[in-house]
Each structure stands twice: as structure tokens, then as C-alpha cells.
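Please arrange chain B on chain A, whose structure you already have, making use of the hints.
Read off the chains here:
There are 2 protein chains.
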Amino acid sequence: MKRLLKTRYASLLVAVAAVSLAGCATQPTATPPAAKAPATEAATLTAVSSANGVHEYRLDNGMKIIIKEDHRAPVVVSQIWYKVGSSYEHGGITGVSHVLEHMMFKGTEKHGPNEFSRIIAANGGRENAFTGQDYTAYFQQLEKSRLAISFELEADRMQNLRLDPAEVKKEVQVVMEERRMRTEDKPQSLTYEQFKAAAFVTSPYHNPIIGWMDDLENLTLDDLQQWYQHWYAPNNATLVVAGDVDPRQVAELAKKYFGPVKPRPVPALKPRREIEQRGIRRITVKAPAQLPTLFMGYKAPVIKTAKVDWEPYAIDMLAGVLDGGESARFTRNLIRGQQIAASVGAGYDLHSRLGDMLVISGTPSKDVSIEELETAIRAEIDRFKTELVSAEELARVKAQVVAAKVYEKDSIFYQAMQIGTLETVGLNWRLMDEYVDRLKAVTPEQIREVANKYLIEDRLTVAVLEPQAMTSTTPAAHGGQHAH
Amino acid sequence: MKRLLKTRYASLLVAVAAVSLAGCATQPTATPPAAKAPATEAATLTAVSSANGVHEYRLDNGMKIIIKEDHRAPVVVSQIWYKVGSSYEHGGITGVSHVLEHMMFKGTEKHGPNEFSRIIAANGGRENAFTGQDYTAYFQQLEKSRLAISFELEADRMQNLRLDPAEVKKEVQVVMEERRMRTEDKPQSLTYEQFKAAAFVTSPYHNPIIGWMDDLENLTLDDLQQWYQHWYAPNNATLVVAGDVDPRQVAELAKKYFGPVKPRPVPALKPRREIEQRGIRRITVKAPAQLPTLFMGYKAPVIKTAKVDWEPYAIDMLAGVLDGGESARFTRNLIRGQQIAASVGAGYDLHSRLGDMLVISGTPSKDVSIEELETAIRAEIDRFKTELVSAEELARVKAQVVAAKVYEKDSIFYQAMQIGTLETVGLNWRLMDEYVDRLKAVTPEQIREVANKYLIEDRLTVAVLEPQAMTSTTPAAHGGQHAH
Numbered sequence: 006m007k008r009l010l011k012t013r014y015a016s017l018l019v020a021v022a023a024v025s026l027a028g029c030a031t032q033p034t035a036t037p038p039a040a041k042a043p044a045t046e047a048a049t050l051t052a053v054s055s056a057n058g059v060h061e062y063r064l065d066n067g068m069k070i071i072i073k074e075d076h077r078a079p080v081v082v083s084q085i086w087y088k089v090g091s092s093y094e095h096g097g098i099t100g101v102s103h104v105l106e107h108m109m110f111k112g113t114e115k116h117g118p119n120e121f122s123r124i125i126a127a128n129g130g131r132e133n134a135f136t137g138q139d140y141t142a143y144f145q146q147l148e149k150s151r152l153a154i155s156f157e158l159e160a161d162r163m164q165n166l167r168l169d170p171a172e173v174k175k176e177v178q179v180v181m182e183e184r185r186m187r188t189e190d191k192p193q194s195l196t197y198e199q200f201k202a203a204a205f206v207t208s209p210y211h212n213p214i215i216g217w218m219d220d221l222e223n224l225t226l227d228d229l230q231q232w233y234q235h236w237y238a239p240n241n242a243t244l245v246v247a248g249d250v251d252p253r254q255v256a257e258l259a260k261k262y263f264g265p266v267k268p269r270p271v272p273a274l275k276p277r278r279e280i281e282q283r284g285i286r287r288i289t290v291k292a293p294a295q296l297p298t299l300f301m302g303y304k305a306p307v308i309k310t311a312k313v314d315w316e317p318y319a320i321d322m323l324a325g326v327l328d329g330g331e332s333a334r335f336t337r338n339l340i341r342g343q344q345i346a347a348s349v350g351a352g353y354d355l356h357s358r359l360g361d362m363l364v365i366s367g368t369p370s371k372d373v374s375i376e377e378l379e380t381a382i383r384a385e386i387d388r389f390k391t392e393l394v395s396a397e398e399l400a401r402v403k404a405q406v407v408a409a410k411v412y413e414k415d416s417i418f419y420q421a422m423q424i425g426t427l428e429t430v431g432l433n434w435r436l437m438d439e440y441v442d443r444l445k446a447v448t449p450e451q452i453r454e455v456a457n458k459y460l461i462e463d464r465l466t467v468a469v470l471e472p473q474a475m476t477s478t479t480p481a482a483h484g485g486q487h488a489h
Numbered sequence: 006m007k008r009l010l011k012t013r014y015a016s017l018l019v020a021v022a023a024v025s026l027a028g029c030a031t032q033p034t035a036t037p038p039a040a041k042a043p044a045t046e047a048a049t050l051t052a053v054s055s056a057n058g059v060h061e062y063r064l065d066n067g068m069k070i071i072i073k074e075d076h077r078a079p080v081v082v083s084q085i086w087y088k089v090g091s092s093y094e095h096g097g098i099t100g101v102s103h104v105l106e107h108m109m110f111k112g113t114e115k116h117g118p119n120e121f122s123r124i125i126a127a128n129g130g131r132e133n134a135f136t137g138q139d140y141t142a143y144f145q146q147l148e149k150s151r152l153a154i155s156f157e158l159e160a161d162r163m164q165n166l167r168l169d170p171a172e173v174k175k176e177v178q179v180v181m182e183e184r185r186m187r188t189e190d191k192p193q194s195l196t197y198e199q200f201k202a203a204a205f206v207t208s209p210y211h212n213p214i215i216g217w218m219d220d221l222e223n224l225t226l227d228d229l230q231q232w233y234q235h236w237y238a239p240n241n242a243t244l245v246v247a248g249d250v251d252p253r254q255v256a257e258l259a260k261k262y263f264g265p266v267k268p269r270p271v272p273a274l275k276p277r278r279e280i281e282q283r284g285i286r287r288i289t290v291k292a293p294a295q296l297p298t299l300f301m302g303y304k305a306p307v308i309k310t311a312k313v314d315w316e317p318y319a320i321d322m323l324a325g326v327l328d329g330g331e332s333a334r335f336t337r338n339l340i341r342g343q344q345i346a347a348s349v350g351a352g353y354d355l356h357s358r359l360g361d362m363l364v365i366s367g368t369p370s371k372d373v374s375i376e377e378l379e380t381a382i383r384a385e386i387d388r389f390k391t392e393l394v395s396a397e398e399l400a401r402v403k404a405q406v407v408a409a410k411v412y413e414k415d416s417i418f419y420q421a422m423q424i425g426t427l428e429t430v431g432l433n434w435r436l437m438d439e440y441v442d443r444l445k446a447v448t449p450e451q452i453r454e455v456a457n458k459y460l461i462e463d464r465l466t467v468a469v470l471e472p473q474a475m476t477s478t479t480p481a482a483h484g485g486q487h488a489h
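Listed in order, the protein sequences are those of chains A and B.
Adding 5 to a residue's 1-based position in the first sequence gives its number in the working numbering.
Adding 5 to a residue's 1-based position in the second sequence gives its number in the working numbering.
Pairs involving identical chains hold if they fit within one copy or between any two copies, as the list cannot separate such chains.
Cross-link-like lysine-lysine pairs, in silico, BS3-like; alpha carbons within 27 Å at most: (1) K458 <-> K291; (2) K458 <-> K309; (3) K261 <-> K115; (4) K390 <-> K291; (5) K445 <-> K414; (6) K414 <-> K403; (7) K312 <-> K291; (8) K267 <-> K115; (9) K149 <-> K414; (10) K410 <-> K445; (11) K414 <-> K309; (12) K445 <-> K309.
Derived from the structure by calculation, the hints contain no laboratory data.
Extracted from the complex, chain A is given alone in its bound form (with noise of 0.2 Å):
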């Protein structure tokens, strides 16, 4: 389901490690790294369970290892999950994951700066990295007889990242950079950045995953230093393998390159639960833009958080009904009908580890003010309250939701992703398969249900931004910003 992968996706940031493939034919190839593997006799390797394809196995020394069987090309994709992001952060040291996530292609004592990127590159493979609010994740696609060079490669940074003073201070820059390019200077970015942060007073969510630009300013060595001794232990994290392999010599070969990583206590994570809202919060952004933006937040429950377990599942089926191709209410109505938007779409993860919100952003079309956008999208959510959804509606949703589903399991990424994502949040990743049938047990009495008990006032948050004229020294100024 486009929309959904849109949305979780969405807020995303990916590392600085995309390699330079036009340099990978006169790189040497990579020291088979065979030859460096650790001793396994103390490590122990229980099977956990397997269905539908999926393997499941536990290292003894904590880390969780998933396979997913999928013979329909010779090539594998190697995960690394961590349980941290930015939900894990604190004011002060905001964006800390995603620097750590920057600087963990720094090299070990091993392996150089940027070798691991390099040796990746030579055997003809590709890897990045993204940090979220939830996890921070690596990995690697590669032909499936090279899946060693990236558990050696992955072992060896999870235990042994130098973290160089110099190295540190110029990536902080790289990143203090990146936020520049993709907030400061997006006015919907810094709208939609303020606005979570009104919305979400005591949940860590008030953060964003890049971090504040104070604290990547004042960022020091010490803090990555903790971050990494906290969260990179393989008691917190979770290999996700995809692709053309035999489960249990993959499980096999884990074991013999995570297995000797040591154990560490993991610290207790504070539950931080967002506080009551108990009434409407708005915000105006006034920003250099070409054109208004509306963001409308209303708090929901998401399948970690829901006392009901199928609520989730009746909102994300209501932000499809609205949003979900040119048949969606919100094209329907406000953008082809009464021609109010000229852009309008929901958003809603219902695979958040905290509470969320179901989001809705859009921008008026020309000549329409932003008040009238917002009447036109409430009136939208004001139905669902009172009318039922017809069953045309409902069918159109569980069909896009099937189609996307199939279109998923072409990508072994995604499959990998899915199941990397849900073991991070702490859901189990047959929630995955279970997906399609519960949207598809959703009922219009549901929809109505849900919608008269959360799309409601006391839960709203809305942000505007509020286009101020561009200097015209201005796009100039960013546009050399942009150029590094």
C-alpha cells in the first residue's frame, strides 16, 4: 500500500553512504574475509520458530536473527536493526542516533574510514542506512554467496567503532549541513517540524530524528561514545536476511561472525507517554515560501499503544478512504470537486512504538485561503462521525491494500524492511501477514466508531505556515547552501 510505505517511510533519514560506482572497477576487491573470522566455540544458535518462509533464531548472546526465504533471484539483503532513534533521545543531545548512524561508516580499527562502504562497492553490492524515530538500520544487498563480507563487516563495527575526534567534528558539520538543506530551508519541513513538536509535548516524538540544530551544534565525542557503548549491543539488535539462501546455514553463518559479540546490558528506556491533550493547539510558521501549507493532527492509537486491538486497523483503513489514488474522498472531493486543494493527503503509521496521529497536510488551491481548506478537510472528517462508508469505498481501499501487498513481496527489501521495522518496535513480525486480514475485517461501523472517539478537537493539533515574500538574495544564498 503505496500510501502506508509512503508515510512510514517518510520520515526517514538516510545516511551519507551511497557509494560511487563508477569508482567500484579499479577498487580491489575485499580481503575474503574468512580469514578473519572470530572463534564460535562459546556461541550457541537456538531455533526460534519458522513460518510462512520465516526462520527465527536466538544467539545466546541475546541478538535475533530472521531469515525470509525468497528464491526468485541470486541475490540477499543483510539488515542490522538497532533498537534506538531519535524516540530514545533527550533534549540535549537530539539527533545523536543519527549522527552515531553517520559516523558508523567511519571505521573500526580494522577497516578504514569508509573502507566498509568501499569493500561493499568492489563486490558489486549495495548498502545504506537510515535512522527513524524507532530504530536505526544497515544493510547490505549483495550476490548471495558474498552475505559473509557483511556479517564481518556489520560484527566488526558493532564492537569495535573508532571514533576519531576529527572525524566526529566534520560529520557533525555534514550533518549540521543536511539539516540546513532538508528543514531549515524547507519551509514544510520546519512547519511540519514545529508542529509535531506542539502536538507531542512529553512523548520523545516533540523531537525530530535529525535532532535540534543546538544540540548538533554542541554534539560532543562523548555523547556518541555513550550512545554507541548503550544501544549496539546484539542483545539489542535484530539481523534481518532476505533473499536466495538456506535459512539454517545463514543462521550458521551469523552465529559464527555475531556470535563471540559480547553482551551488554541495555539501559531501561523511560515510557515518556504523551501527557492528555485536552483541547485544540495551533501554531502559525511564518517562513519564505512560495505557498501556505496546513498540517492537522488528530492523536491516535497505534497497535503498540491501542487497549483496542482493532482501532488501528479502522483508522488506517479511514485515512485510505480518504486518501489512496484519484478515487480517494480527499482527490474526489477537494481537489477535483471543489477544486479547494491543490494537494491534500492522510498519513497514518500504525506501526509506531508510542501514540501517534493520524496526519493530514495539503495546501490551498490558488485563491482559496487556508481557513476555507480547513473547514473543507473537517467537514471531510466530520462525516465519517455520522455517515457510513459504502461498501464501493471500503472495496477500493482493501483492493489497493492486496495490490500493494503483491507489489511488496516482488521487493526482498521490503520484506525485510517490514519485518526489521515491526521486530524493532517490539511487534512480532507476523503482524505482517496478518496485515491484510484485519483491514480487511474492518468494518463502516468501525470507521464511524473510531472517528467519533479520535478525530476530534481535543486532539487536534494544527500547524499553518504562513508564506513570507523571499528576499532575492535568498534563493540565491540557498542555492549555494544546496551545491555542498
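Frame of chain A; chain B shown alone:
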């Protein structure tokens, strides 16, 4: 200046250290502490400066000692100020400074739980403690010959606090109950808390001094232990003594007790500067209440953050013109004149450690809407932007400030309090003596300038308490809780 004092100390939390005076007569007199005094060979005492009857010393463990002579009565006030408070905290451990303040009365290896308070009471003394955004302070008032008792006890709990798991658990419950009484059950406090959280996004002033309920619920012994180890070091403390004393003798006595306390590295504090506000923010808080309340806060510099040194004094003066007795503008125009407000006041603390706000709060008169009150307040604010404040008004505020200063001088407690506050937020205690002159130097043009610069919509946060009907059972239930 009563208004300033009220504002400055309005947000303090005073510990439950009140002594049962009835029990005093039957208490045994405290063991003379001299016998227990630690060896002092290693400690050295440096006289730093001396002016206006204030003497400053420093111990070689980094502890600062400031002594104010005042010989009108044979009493002495002793205060220990630690540079730690709620603005040193972050999401997850909010409230830890205040809970630790409570725990400081729960005993050391030498003195059992609550013995501190018993000994002070048995010696005819009074004592208490308070936690603010920027400091945690402990004080005793005693007949002057008994100062050593206070020093012995404070030096003991500075290094030997015993954090008993059962006591911690109990005390966290006490604080949670305190929060219920002072915040959850007080609609104005609840609104004020959310108002501040909306106004401050990245500044630690986002969090309440007492802490968020969920953080209190999850506060651990380990959190308290770490907080104590991090911040309760002599090099992070200022001892302020005021009263009928000989400065050199007091300094020598302080050396005897505090000199042997080992200094410890104190964590570097992240600046966590507030992000630039880019437009008005507005929140509604619905809660059972009789009357609506309005809070309006304009972000403004304070002495610590001001780039132009007279600005905080001009803002303070402006607040004095609005609110400061019967002839101040708020009372004259909004309460008596137009009868729009039942109550309305302005507060501004120029001695905050971090950027702060000029806060206006008010309740409309019967049959006046909250919108009308806001409009009337805004009109008063806007008047400053064009119209110069009259000489008579300035003279009135100045006269009040001078009178208040004379009144304050009458209290050795407040003198010590001012010295402690200034030193602990990183300002020099000499500012105390400059204050009247700096205020007197403010011109009508300067007031107009700060109004135009800071009292603008883009710096404004508005919070409205929207009263909800109280259920018939609510008052009784609340009464029950308050009876604790």
C-alpha cells in the same frame, strides 16, 4: 519590589521539611557537632572580594562562600545553593531535582531519616528547602552561635546521603500526591504548565519543576543516585550566610566543615537554546473550573541572555507600569476602568538562567469573554509601541522598587536569597546592588523600543483555560485528596 519577588519565587517548590514545633521541647538537644568535625589540614580558604558588607571566599575544593553581615538581630541564615534544578533535567527524568531535594531530608549514615529537621528544631531553628528551574537550595535560620550545627549537617548530607529504596518509593508517592494537589487538580496550574510547554520547544523551561507525572511514576533510585553524584559537589555549590556574624570566623568555620568535601567533575550542561519562534502559538486547555483564565507570554531576553544590557531592565519596568498596585495600568484600566478583568497581572523574571517570557495572566469579569480580555490586554501592550510612558508612571514604579528594596533589606533571609539566586544562575551578586540604579536609568524611549522589539505576535504564546462543568462528585473527591 513585591511583584518581582512574587514572580521570581512563584514557581518554587518548597519541600515538606516543616518541623513539628510542638515536639521540640521533648527532643534531646543535638550532640555538639564540634566533636564530629572532620580534619581540615588540607583545605585552604581564599578571600576573593569584599564590598558593601558582603564578603566572598572560595575553598580550594571550588565551593564559593558569600557572607553578608547584618547585625540587627543575633540570628544567622545559612543557605546552600546547588547549581541544579528542573532546567538541568530532560524528558524521562523530569522532577528528579525536586524529588532529590525531598530525599535530602531522609538521612545519611550518621544521621537517620528526618534527624536533620529534628536537630535544627531542637536547636530552636527553622529550616526548609526549595527547588526552582535553575537551583536547588537548602536553608536554616538559627541563633547565631549555632551556625556550626547547620554546617555540620549540610556538609554531611552533601557527601553521605543514604538513598534507601523504600524511602525513595514512598517519597515519590508523596511528590506524585503533591503534583495531584498542585497541578492536576488546579486548572490554572494545569493550564500554566501546558502554556509553558507550548511556548518553550527546545528550552528545558518546557518541563515543569515538579516533573511530568509519567516521569515521576518511573523515577528510579538509580536516577536519584546519579543526580546526587553529578550535581551535589562542593564545586557546584554556593554557601550563603547572612546575619550577625564575623565574616572571617564564618569562613573559617565553613572551611572546617566543607573544606574536606572532595570536589568532583560536574557534567557539562547542554545550552538547549530555544528555537526561533516564527508565529503565534495558541492552546486551549479544557478542565473542570469555575472561571476561564488567559495566559499570554512574549519571549524576551533576560540579563543572562541579553545582547543589549539595558533591555531586561526596560522590560521589567514595562511590567511594573502594567502591574504594580492600584495605579498600575492593568488595575486602573482593565479592572477598575473598563471592568473587563476580574484580575490581571504581569510577571517577568530578569534573573532567569535562560531566555524567558513576559507573562500576562488574567480572568475576565463576569459576562466578559476571554477574547475581549485578550483584545483589551493587547491594546495595553500596543500602547507601549507608540506612546511614551509618562514621567509620573515611571516615577511611581521607581518609588515602588526603592520601597521594596528597603523592605527586602529588612529580611536577612531575602538578602541571602538574592545573593544565592544570582550566583547560582551565573550572575554576580553585585547585580543586587545595581538593580535599583539600572531600573532608575530606564527611559520612556527604551520601554517603547523593547515593546516594539519583543511584545510582538511572532513571540507570543496564548493559552486559554476553558472551564468545564464540575461533576457533583468532583469537589468531594478533591477535598479528600487535599486533606493529605
